[in-house]
Amino acid sequence: MLIEYVPLILMVIVGFVLAVVFLFAAEWLGARRTTREKQTTYESGMIPVGNARQRFSVKFYMVAVSFIVFDIEVVFLYPWATQLTTLGLTAFIAVIIFIVILFAGYFYELVKGGFNWD
Amino acid sequence: MSLTFIFFTVLAILAIASAIVTITARNPVISALSLVFHFFMLAGLYLTLNAQFIAAIQILVYAGAIMVLVIFVIMLLNLGDEEKLKEKFNLRKVIAVLLASVLIIQFFLIYLLTRSGKIEIAENTAKLSTVQSIGQVLFSEYLLPFEAIGLLLLAAIIGAIVLAKRKLT
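Sequences listed follow chains A and U, in order. Everything in the first sequence is counted per numbering that gives the first Met the number 0, starting at 0 for the first residue and increasing by one. Everything in the second sequence is counted per numbering that gives the first Met the number 0, starting at 0 for the first residue and increasing by one.
No wet-lab data here; the hints were simulated from the structure. Worth double-checking, as some hints may not be accurate.
[Unchecked claim] When the alpha-carbon atoms are kept at most 30 Å apart in a straight line, the in silico BS3-like pairs for lysine-lysine are as follows:
| # | chain 1 | residue 1 | chain 2 | residue 2 |
| --- | --- | --- | --- | --- |
| 1 | A | LYS37 | A | LYS111 |
| 2 | U | LYS164 | A | LYS111 |
| 3 | U | LYS164 | A | LYS58 |
[What the hints assert, rightly or not] Now the in silico label distances, taken between C-beta atoms and shown as ranges:
| # | chain 1 | residue 1 | chain 2 | residue 2 | range |
| --- | --- | --- | --- | --- | --- |
| 4 | U | LEU108 | A | ILE92 | 51 to 61 Å |
| 5 | U | LEU102 | A | LEU17 | 30 to 40 Å |
| 6 | U | LEU127 | A | GLU42 | 55 to 65 Å |
| 7 | U | LEU108 | A | GLU42 | 54 to 64 Å |
| 8 | A | ILE96 | U | ILE53 | 24 to 34 Å |
| 9 | A | VAL5 | U | ALA31 | 28 to 38 Å |
All values derive from a computational prediction rather than experimental measurement. Glycine included, C-beta positions come from ideal geometry on N, C-alpha and C.
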């Protein structure tokens, strides 16, 4: 049974190894001529001011929470999508109701300004 | 040694190693990254248990969504390197050791019970835990719980907005 997953495991390994190889190849093969200007922090041509480790706005967290909710919605659609042809109309209507319920949440967020930055 | 055993051993060693890095790393970002690695190894371990759907969810939800939250919290709090905290009273450590020993006893009991044959492992787990069979059951027998999950997620969205968009006076 594990044999079935060998292509998947190979893909994960190849992806990981490729990323590592590219990183080290760039480090090893790339030319390096450092100047003072190159070593300074990139800030669109301006002279850098202050510390880069600033606290992020809590508004980013709002984005993350909405992402998780809709991510979990996708998770529940995944088993349905694999069995679409055998499950038939009842399951299709059930999924539509599910999506409508969550769309109400999306609409609520839109009205309440959850997607607005200010 | 079977292929499954080799696979399990490699994954288990990597999972334990990355878990140790997670709790010992001084830099919280390194901690978070090794936790992602740990989640991937756990997904592999679920595959050895024939839990195909849980393995997929482990990567989709845990390594994807939950880790986003963890990274966001690290950035929001602007955590630098961990500093040594002076703990006067180590009640927390005592509780942690107690909980960990309960867990170890449980593992040991499960091991003993499966050895002596008191716990039987279902034969068709490989068939039951595929995404297809979960879909088949979820959308026929457990249709109402499925819709209830929709309502639960709706409550989560509303709760998040009520908390985040509250006007602070």
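Status of the hints after comparison with the structure:
1. With a C-alpha separation of about 45 Å, the suggested pair A/LYS37 and A/LYS111 falls outside the 30 Å cut-off, and the hint is violated.
2. For the suggested pair U/LYS164 and A/LYS111, the alpha carbons sit about 8 Å apart, so the restraint of at most 30 Å is met.
3. Only pairs whose Cα atoms come within 30 Å are accepted, and U/LYS164 paired with A/LYS58 is accepted, the gap being roughly 9 Å.
4. For U/LEU108 and A/ILE92, the Cβ-Cβ distance of about 45 Å falls outside the hinted range of 51 to 61 Å, so the restraint is violated.
5. Between U/LEU102 and A/LEU17 the Cβ separation comes to about 38 Å, which falls inside the hinted range of 30 to 40 Å.
6. U/LEU127 and A/GLU42 have their C-beta atoms about 56 Å apart, which keeps the hinted 55 to 65 Å range intact.
7. Judged by the Cβ atoms, the range 54 to 64 Å given for U/LEU108 and A/GLU42 holds: they are separated by roughly 59 Å.
8. Under the hint 24 to 34 Å, the C-beta atoms of A/ILE96 and U/ILE53, about 26 Å apart, fit the expected range.
9. Checking the proposed 28 to 38 Å range against A/VAL5 and U/ALA31 shows it holds: the Cβ atoms sit about 30 Å from each other.
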